[in-house]
Each structure stands twice: as C-alpha cells, then as structure tokens.
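Undergrad: Here's the letter readout for the chains.
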Amino acid sequence: MTATAAVLKPAPARTAGPGRAGVRLAWLHIRSRRVPAGVLALAVCGGVLHAALHWHWAFGSGPYAQQIPMITEAGAAAVITVTSHSPFGETERATGRWLPYLRLFAAAGMCGLAIALLQLGAAGESLNEGILVLARNVTGITGIGLLCSLVTGGLLAWTLPLGYLAFCQYALLQGWTAPWTWPVRPPADRGAWICACAVFTAGLLLLTIRGPRTRLSDEE
Amino acid sequence: MTPAVISLRSGRATARRMASLAAAGRLLRLELKRNAMPYVLPLLAAVFFFDTVRTADGFPPVWTVRASVIGDHMLFEFSAFAGGIAAWAGSRERRRKALDLVASTPRAAWARLSVTLAGTLGWLLLAFLAGVAAIYIPTALQASWGGPPLWPVLAGVAGVIAVTMIGFTCGVAVPGRFTGPLVAIGVLVLYQAGFREALGLTASPASSGTFALLSPAGAVPSVDAGVYHHVAPDVSAVQVMFMGGIAVALLGVLGLAAALRQPAAADSLRSLRALLAGGDDWLLRAVAVVLVAAGVAASWTAYSLAGTARLTATGWQIPALHDAASDRPVPFIPDCTSGPRGFKVCVHPAFSGYLSEVATALDPVAAEIAGLPGAPVRAEQVASTGTWPSGYGPSRTAGNPPVFQYSGEQVGDLFGVFWGIPAGDWPDWRAGFQQGLLDSFLTGPPHPAAAARTGPAPLGAAQQAVEDGLMIAAGSQPPLRIGQRDHPGGQITAAASRFASLPASARHAWLAAHLPALRAGTITAAQIP
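Protein chains in written order, with our numbering: chain Z, 1 to 220; chain L, 221 to 749.
Since the hints were made in silico from the structure, they are not lab data.
Since the model is a prediction, treat every value here as computed from it, not as a measurement.
Note that CB positions come from ideal geometry on N, CA and C, so glycine has one too.
There's no promise every hint is true.
[Unchecked claim] Looking from chain L toward chain Z, a few residues come up when the C-beta cut is under 7 Å (computed):
1) Glu297
2) Ala300
3) Pro401
4) Val409
5) Ile553
6) Val623
Model the full structure from these sequences, guided by the hints.
TA: Put into structure tokens, the structure is as follows:
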C-alpha cells in the first residue's frame, strides 16, 4: 500500500451506538440549557431553605411559617423555567425530531431534582406542612412558569411564578381556601393537588409541543 | 485675550454641555422605551391590587395604619420584581454579547451602566409612587383627621432603590440567566427574615437583633398610632440611611465594575493604585471608591444607631436622632355626643365615624347605673398603651367625677375595637362595649387616673349575673367570655334572668343598697332578686 493509498483510505468510522448517541444528545441539550448551573442554583435554594429553617428565619407555626419555604419553592420553580430557554431558536426546531422529548424529560427531571434537593435542604429540620406541600408547590409553580415561558420566553419566565408567589403570600395571611391557591392549602387538600397537577401538566405538555417563545434578541 | 474670545469660548463650552445633556436625555429616553419593566408592570399592578390595596382597604382610615402597608406589603412585591428585573437589565450587555462593542464607545462604563440603571429605577420609582398615591388618595378621602406621613414613603423609596442596586450590581457582576430569579429570591428571603425579627422585637434591640429595627416590614401599628402622639421618625431615618448607604456603596461598585473584572494583582495596595490610576479616567474611579467608602460608612452608622434605640410610650426612639419636640401630645378637640338618655360619649376626631355606634352601645347600660356611686358620667377615648402581640392596656373607670376610659384597641374583653369592624352587623361589638363599662363599675370604685393601670379584676358569679342582667335589660345578649363557664345548674344565667325581669326602679334600688357588698364579693348569685 502506497502512502497515497494509506492517506486516502477512510478512517475507521467512530461507531456510536444509538444509546451512546442518545446520551450525547441529551447531554448537549441540557448543557445548552445551562442545566448544570441550574442544578447548582437549585442546590442554592435548598441551602437557603436549610439555613432559614436551621437559624429560625422563618416562623415555627401559623400562617407565617409557610412564607420562606414558599419563597424557596418558587425560586426553584423559577430556576426550572429559566432552563427552558434555548440559545439556538428556530434552527434547533428545524433539525431535531427528539427536541420535544428532550424538553419534556429535562423539565420533568429538573422538577423532580428540585423537590429532592429542597427536601434534602429541609432534612433534619421542621418543615411546615412537610414534603407533600413542598412537592405540590414546586410542581404547580413550575407549571405556571412553563406556561409563562410560552409567552415571555424562557429567560423572563420567572416573573409569573414570582407574581403568583407574592399573591399567595397575601392568600396565606387571609386564609384563602380556593384550590387554585394551592400553596396555602393543607397537604391533603384534593382540590389543591388537582389544580397544581393540572397546571403542571398543561405547562409541561405545551412546552413539549411548542417550546418556549424564542426571539433573536434572546441570547445569553 | 479679548472679551470677544472669552465669550466665544464660554459659548462653545455651554453648547458642549447642552449637547452632552441632550445626548444623555436621548439615551435615557431610549432606555425608558426599551426597558423590560413596563412589560412586568401589569403583573406588578395585579399583585399590588390584590395584596396591598385590599389590605389597606381593610384597615380603618387612619394615616399611620394605612401607611404601614407600604413597608409590610408593597415593598415585598416591589422587591421581587425590582431585584429580578434590575439584574436582567444589568446583565444585558453580556446577554446581547455586546461587551466588546460597547467597550469601544467613548463613554465610561459607569456612565453607560448608569443610563440603564436610571431607566430601570425610573420605571420602578414611578410605579412605586403611583402605588403610594393609590393608597393615600382613598385614605385622604376617608380620613377624618391628620395628614399623610412621608417617612414610610421615604423608607419605601430607599428600599426600592437599594433592592434595584443590589439586583443591577449582581446582574453586571454575575451576568447569567439565573441571576434575576436568584436575586429576587434572595431579596425576598432577606425581607421575610427581617419581618420575622421585627415581629419578635422586644424592648431591647440588643437582645432581639438590630436587624429587626432596620427591617422596613414590621408589626401592624396600633389603630391610634400617630393620632395622640407623632410617630417619631427616628427608626425610619435610620432605615433610609442604612438602605441609602447600601445603594450608594453599590453605585460606587458599579463604577469599579469594569476594573474589578481584571485579574487582581497579588499585592492589594498595588492593585488599588492600579485600579485608581489605570484606564482612561482615574477621577471617575476615585469618585467610585469614595462612594463605596461613604456608603459603607452610612450603613454602618445606621446600624450602630439602631443598636442604641429604646422603646418608650410613644414608640422607638434613637437618642442621637430624637427630637424631644415630637414627644408632645398632638392637640385635638374630641368629637362628643350624648345618647337619648343623656350619657356623653367622646371619641378622637380620627375615629368620629364610630361615635354614634359607641354612644348607642353605652347609653342604655349607663342609664341603668346612672346616679350610683362610681357610675361613670361620660366615656372618652384615650390613647392605647402597649404593643402587639404583648397586648394593650385595658379599659377602666377613673377620676372624679368618674369617667369611663377606653382605647381604640381594647374595651373590656373586646379587642381591635376600631379596626373597621362593622358594628351594626355584629351585636357582640356593642355588647363588648357594654361589658367593658360594667366590668369596671362592678369590680370596684374608680381609681385615681394614675392608679388605674391594671384594669378591672375578673368578675365573681354574682357580679357576672348582675352584669348580664343589666345587659339583658338594656336589650343586649351578653356574649360568653373567653373561658367563662356557668355555675352548676346555670346559677348565673338564672340570676341574670331574674334580675333583668325586675322593674328598672327595683334594679336601681337593689344596686344602690347592695353595691358595696357586690363589689366586695360577699353576695352570691342566689341572693340576687
């Protein structure tokens, strides 16, 4: 074999199986959404919750006791919604048929991770209303944020969860009982669970199908 | 140099200054137009309406009470959005990948960032002041006395500016998609932690944390706060100084932001010299350093001053800032009226809306005991003493001739007397007033004003029966007291019914004969006719 032939001989193709390619695709997807940094931000929320409970920044009981946990839960939800932003925009939509599934699993996975990290932050401390309300708040408020991302884009999707949080602080002190104010309802309230899950499902489905709003100016 | 040349040069300088101002104005106009804040304003307005406006509407139209929603509710909502949106605005150059582009413009980074900051802050302050107007204008239309307090507004403005500066600086220093929500969450946690401290504030700030006094949020004041005495501005002034200091220091940090991004030299002194001397405008950097130092000094001074605060009868005072003239009682002429049976009732003009209700409540029972020893000849509202949640001073009968004194917070067992309760819709409100008057009448003769601080003792069975009987005779249903239980066989209820069924003259005669024994507790319920 001549040197020329050796040069012209095609290099052995890197045989990446469908599994490995899938993992790489998923990794690239979550990296493009800054999910690793998002996980760090969720850990910060868990740390803040832990500090608030440990050093008694929050009240031990009564309506005020839910205020700081609710803030950290809304913060976690806001972080999840912000990770829905894509830096590629229309280009990405045109190329990948796996994109909706990636969006679905990224958002759902982040939500589960947020609940786990916040629960970890509350471990060993007395969390008002417990893990059930925490999980319900995170899922429901994440749903609000995902719905908001369809209108505002991912980067500003944290505004509506914060607005809902501010409203719920009022509802908490006024003792509202409407199921759509689920953060102020007790853990076993079925209507609150239905509302939170419905909002989360709607947000997740619409995000999966349509994706967040993208604009050329939305870069990071 | 001829006068003509001087005039020409002066004219050119003026023209340059005008052009510079016009350019800055144009930049600011562009910034106001392109800012993200207007898009968030509808959401902020909705939250503001649900939380702040509705809460304020539930309060009586007393200026200090209504103004308390600025720190307790309004600032919470504005903090959430101010911190987040300011961080969003601060990270714009990085987000748009325009750092290199704007670095080549003939403007200092500070000037460039200041325009963005001014646009964001302008929108926020405009919205904040509009919100204050939305609270104050209805209050002005409803309030019967007093004027709008400005210190809560100033503290609120300082809070919005400080939060905006924190958010903007974080956005410039750590530009990223998570900066906005994380800043907002951090600010809200700080706010709530301060609120938690403020509610647990005791008489000594040293024992409960100076942070509590620096928090703009706190317990709702008593209903007559600022009515009998001016609210001392000491704590608000310290809050403004503390938050203003933070804002000024962060403004200085922004001036150094570009230089701080450069890797710091190992020698900090050399690094500082390089910071001041490097770049194109060392003067601006020196000003920035001065601003940082001044801001830190102001905040530290405010923190130290708050540590010296002490609780007095008229509120928190800081000796170094306190003006003794503000301790003088606020002069007023009480609003008085007499019921159909001639019992005179007075309220402070700030609560004149309650005058007829109070007179209607007290007149029938006052007529039942009129002329008896120790029976009050009139009722007058006095300043409430104490604080929430430790409790307020009770109502009492004091002086000679005896006067029934009640506050806007507590009468007998009835709390929150003038907190917007619709008296006509709630019979217990009226009965609570009657109980308060009869409690102090039946438990003992009136004390001199100075000795009547503890209020009436708990009623015995016979006293309770007589009180209930008098109230039934006056047309009221006696409300059950907290923890009250009738004696076995319903002795109190039976005695009260018997006593109420007597003719008015017989009741009056029996009371005249047995009042000393009844007060001494030597009469049993069974002995009541």
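Undergrad: For the hint on valine 409 of chain L, just tell me whether its beta-carbon gets within less than 7 Å of chain Z.
TA: holds, 6 Å
Undergrad: Does the nearest C-beta of chain Z fall within a distance shorter than 7 Å of the C-beta of isoleucine 553 of chain L?
TA: violated, 37 Å
Undergrad: Under 7 Å, Cβ to Cβ, is where alanine 300 of chain L needs to be relative to chain Z, so tell me if that hint holds or is violated.
TA: Alanine 300 of chain L check passes; min Cβ-Cβ to chain Z is 5 Å, inside 7 Å.
Undergrad: Can proline 401 of chain L be said to touch chain Z, with a Cβ gap under 7 Å?
TA: Hint on proline 401 of chain L: holds, closest Cβ of chain Z at ~4 Å, below 7 Å.
Undergrad: If you take the shortest Cβ to Cβ gap from valine 623 of chain L to chain Z, is it below 7 Å?
TA: violated, 38 Å
Undergrad: Under the criterion of a CB-CB separation shorter than 7 Å, is glutamate 297 of chain L in contact with chain Z as hinted?
TA: Interface hint status for glutamate 297 of chain L: holds (5 Å vs cutoff 7 Å).
When the structure is compared with the earlier hints, violations turn up for hints 5, 6 and for no others.
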